[in-house]
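Chemist: What follows is each chain in one-letter form.
Number of protein chains: 2
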Amino acid sequence: MNKHLFLSVALTSISGNMAQSYAQDKYVSDRSDKRPNIILFMVDDMGWQDTSLPFWTERTKYNEVYETPNMERLAQRGMMFTQAYACSISSATRCSLITGANNARHRVTNWTLEKDKTTDMKSETVQLPDWNYNGVSQVSGTANTFVGKSFVEILKQSGYHTIHCGKAHWGAIDTPGENPTHWGFEVNIAGHAGGGIATYLSERNYGHNADGTPFSLQAVPGLEQYWGSGTFATEALTLEAIKALDKAKEYNQPFFLYMAHYAIHIPIDKDMRFYPKYLAKGMTEKEAAYASLIEGMDKSLGDLMDWLDKNDETNNTIVIFMSDNGGLASEPHWRDGTIHTQNYPLNSGKGSLYEGGIREPMIVSWPNVVQPNTKCDKYLMIEDFYPTILEMAQVKNYKKAKNLDGKSFLPMLKGTGDTSKGRAIVWNFPNIWGNKGPGINLNCAIRKDEWKLVYYYETGKKELFNIYQDIGEKQDLSVSYPKVVKRLSKELGSYLRKVGGQRPSFKSTGRPCPWPDEDFTLQ
Amino acid sequence: MNKHLFLSVALTSISGNMAQSYAQDKYVSDRSDKRPNIILFMVDDMGWQDTSLPFWTERTKYNEVYETPNMERLAQRGMMFTQAYACSISSATRCSLITGANNARHRVTNWTLEKDKTTDMKSETVQLPDWNYNGVSQVSGTANTFVGKSFVEILKQSGYHTIHCGKAHWGAIDTPGENPTHWGFEVNIAGHAGGGIATYLSERNYGHNADGTPFSLQAVPGLEQYWGSGTFATEALTLEAIKALDKAKEYNQPFFLYMAHYAIHIPIDKDMRFYPKYLAKGMTEKEAAYASLIEGMDKSLGDLMDWLDKNDETNNTIVIFMSDNGGLASEPHWRDGTIHTQNYPLNSGKGSLYEGGIREPMIVSWPNVVQPNTKCDKYLMIEDFYPTILEMAQVKNYKKAKNLDGKSFLPMLKGTGDTSKGRAIVWNFPNIWGNKGPGINLNCAIRKDEWKLVYYYETGKKELFNIYQDIGEKQDLSVSYPKVVKRLSKELGSYLRKVGGQRPSFKSTGRPCPWPDEDFTLQ
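Chains as they are written, first to last, in this note's numbering: chain A, 16 to 538; chain B, 16 to 538.
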């Protein structure tokens with residue numbers, strides 16, 4: 016007992032006053048597992064500029080108009096990442112997150128919903144590949160599915176209490192990947208196969224008729240107690256997450272909370288707690304509604320941070336803020352202003368391999384490990400979260416996992432190294448999404464150092480951008496730098512072939528579209 | 016593909032016509048994992064005679080009055096076990112089941128409910144041990160908890176889809192063991208910390224007020240959609256289990272369904288689908304209600320068997336029927352007739368170490384492996400389910416699990432061996448349950464071959480029964496067979512000490528009650 020008491024006191028100086036409970040009562044046990052809690056706060060469809068926190072070198076008009084005080088508060092406590100990448104589409108990102116595999120490898124390149132059905136638009140000229148439209152799973156037995164091991168399963172097996180709250184979107188309806196509890200989550204709040212929310216409004220029961228039946232495949236389950244209560248879905252999820260955290264505290268285990276908001280995905284319903292304020296600023300109805308979705312999400316972040324403060328867990332909790340793809344900029348039905356400009360200074364938005372579709376607002380706070388109020392301008396990719404989080408949880412041997420493409424960015428967090436150095440990041444989108452726009456559909460891309468190459472399967476077109484000098488990707492430098500184009504084309508093609516990436520075929524000939532490093536003119 | 020097709024066809028002769036789906040559609044995948052589905056159908060508080068299926072050599076009046084046609088149907092398909100043992104109390108049994116550890120080792124010897132609170136009655140003369148009243152868990156960090164590995168977790172990791180339906184009762188409220196999803200179950204229907212059901216009646220929302228708040232710690236969660244619908248809880252659980260099976264079928268995985276009914280535990284509510292029939296037979300209201308609970312449970316078994324038949328899964332599904340302890344025979348409030356006789360020919364009931372408290376109705380059907388319509392008169396113990404089920408699922412290496420006391424009874428199922436030979440089974444109950452009666456409270460026992468020795472901690476009394484000749488435990492042979500008493504006392508005492516069993520202490524002296532092989536007169 017003395018030994019334990021000593022250990023407990025010794026750790027107190029690092030992780031807060033946790034020894035106190037030892038003295039109270041012999042039945043109240045101190046938390047013997049001192050590893051940090053981890054909250055991964057994942058926002059849906061949030062653009063790089065959908066915040067008052069500037070991720071660029073300059074403040075933009077978006078930073079002026081949106082209000083995200085809690086993101087600012089989190090940034091003061093931790094490190095902002097200005098070049099954090101995800102895929103351009105939700106399923107691709109989330110499947111990389113949970114399996115650690117690059118999107119070209121797991122082949123869930125477009126979004127998933129119904130079993131054995133693709134979600135692609137059709138083309139008269141190209142045949143799309145037979146991609147994994149059933150998503151990912153931890154078990155085999157389902158067609159068109161990538162089988163991978165979940166980092167959450169590993170966390171759970173190591174002793175973490177694991178909580179899912181919000182959007183899952185890992186497997187199509189009726190496939191084993193559809194349910195967060197199949198991925199190692201012990202608690203599932205409102206997560207299912209759907210990739211969106213039918214409505215945020217409790218007045219419409221988040222997608223259910225009065226008799227309880229869903230009126231949409233995107234009806235969100237598990238929030239029945241809030242139906243008709245006037246509670247916006249973002250708030251309902253937050254209240255449920257906090258209940259789960261209260262439980263986690265009782266369990267005396269470190270917890271992993273995946274707080275995966277449906278916000279700020281369409282439908283852009285008005286969160287009336289914030290909407291009038293933005294209208295009063297002179298914003299249009301659509302844009303005020305969008306801003307209200309953002310601030311509702313930000314309030315949720317603040318509520319979780321408040322819970323940590325109140326429960327004396329702030330010092331032993333890592334909070335990671337991330338979005339799953341760029342902001343929606345291609346749908347005039349939902350957004351006002353010129354389309355494809357809503358992520359300025361970035362070009363395009365969700366669905367695009369331009370920066371507007373893949374560069375995300377990211378923040379990590381980790382008291383006593385990550386320097387507060389700092390910024391990291393090195394790049395990283397969504398699959399890197401897998402090994403990073405496992406290392407944060409002091410899990411060893413995860414590297415044995417097959418098909419792990421992610422690389423831990425812990426050295427960047429600790430300031431001990433640059434894991435982006437010499438690193439190539441690859442995106443593959445041999446699909447046709449619903450919307451069109453700059454950098455959207457039938458393409459693949461590679462980022463390495465300052466350069467980004469985008470290749471279009473159907474036309475053979477290649478674009479080369481210097482991201483450091485031209486963040487807006489306005490100047491195609493492919494003609495000026497043929498050697499760079501050739502080098503990156505080779506690296507991109509080699510990578511895609513190595514990991515089993517897919518490509519479309521020409522309907523006219525039945526032959527596959529060339530890889531980026533193959534001669535297109537021979538077609 | 017040819018190789019797979021061949022394999023599929025080759026297996027078809029054993030496990031049914033599963034190859035058929037191969038030909039239908041390239042998107043419909045056959046189940047590649049051919050291991051058998053497993054249903055463990057666990058009834059609560061069901062006595063050895065609470066059925067029309069005779070487990071004794073003679074038919075009793077109970078076999079005449081109760082109606083369990085589906086147990087009979089299952090027995091025709093499989094093997095009845097006439098000497099299947101469990102502990103005398105729910106938590107003890109269920110904690111042995113899930114961890115594979117004997118009750119003396121896991122120390123959850125009485126029933127659990129609230130965190131850090133014992134449920135024992137007090138004694139003026141003995142101090143009870145500091146047993147594990149917080150239950151069992153897969154993670155450490157909670158006081159008074161046994162940490163063990165769940166066989167369900169192992170099944171899940173091996174590729175089974177795992178479903179919990181009904182009563183859990185593995186950990187006290189707010190401990191990590193409370194939730195089935197913490198034990199490797201991917202689906203949890205209505206399972207929580209509670210060991211009973213507030214009411215089976217949907218009219219009383221299974222324990223919830225009209226505003227949704229629970230009016231009892233035994234309020235059953237997760238059945239909200241049946242509130243007020245007139246659906247008896249047994250039926251609601253069955254309907255939900257079948258929904259989960261429909262899902263499991265979609266997943267193309269073998270499934271493990273733990274169908275753990277709240278029935279036939281008190282409160283003995285009237286299942287009106289069957290109650291009038293038993294009243295018409297001339298039974299009292301209480302006994303007719305009890306019979307209705309039994310038949311409602313039996314219908315559930317039949318519904319699950321029907322599902323297997325309809326879905327062509329019968330030939331590849333193992334069904335195990337079991338109860339968790341003897342029938343309640345000590346509460347005149349709930350039962351009519353002379354108390355302690357309701358498990359005739361067995362003596363006493365729930366809570367007792369006499370056969371009435373621990374001998375269970377058990378049936379196993381496994382087409383093409385277990386001979387239909389057979390009976391096994393060898394004994395086995397509840398912790399044996401752990402290794403047996405894992406072997407059924409072809410899981411290797413489970414024997415590395417620490418603290419595994421159970422032994423696989425697969426040889427008895429296959430008719431290739433007798434795993435009871437030379438086997439000693441031990442019960443420890445250094446507690447005081449709510450009710451009193453023959454063989455209840457402050458005792459321990461050992462069964463070996465034909466003999467059973469019961470030892471009482473407070474008095475030093477020893478009873479020896481020849482179970483083969485005296486199933487009713489009416490003749491204490493301890494005086495006639497002193498050598499057997501000495502031998503079994505030694506084996507019992509050694510075992511209890513070896514596994515860390517607990518014992519009460521005398522309040523007068525503060526000294527522990529002697530072990531069965533210590534000299535009581537020296538106290």
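Since the hints were made in silico from the structure, they are not lab data.
Every value quoted in this text rests on a predicted model; they were computed, and no experiment measured them.
Just so you know, not all the hints are guaranteed correct.
One copy or two, either will do: identical chains are not told apart, so a pair holds if it fits within one copy or between any two.
Result set (DMTMM-like, lysine to aspartate or glutamate): computed pairs, CA atoms no more than 20 Å apart in a straight line [said to hold, decoys possible]:
#1 292 - 534
#2 258 - 129
#3 258 - 239
#4 258 - 226
#5 258 - 189
#6 132 - 265
#7 414 - 168
#8 422 - 48
#9 414 - 250
#10 390 - 321
#11 264 - 392
Chemist: All the hints need checking, so say for each whether the structure fits it.
Modeler: Results of checking the hints against the structure:
no.	hint	in the structure
1	292 - 534	neither (56 Å within a copy, 83 Å between copies)
2	258 - 129	between (31 Å within a copy, 18 Å between copies)
3	258 - 239	both (15 Å within a copy, 19 Å between copies)
4	258 - 226	between (27 Å within a copy, 19 Å between copies)
5	258 - 189	between (28 Å within a copy, 12 Å between copies)
6	132 - 265	between (43 Å within a copy, 15 Å between copies)
7	414 - 168	within (14 Å within a copy, 22 Å between copies)
8	422 - 48	neither (26 Å within a copy, 32 Å between copies)
9	414 - 250	neither (37 Å within a copy, 47 Å between copies)
10	390 - 321	neither (23 Å within a copy, 62 Å between copies)
11	264 - 392	neither (35 Å within a copy, 48 Å between copies)
Comparing the model with each earlier hint shows violations of hints 1, 8, 9, 10 and 11; every other hint is respected.
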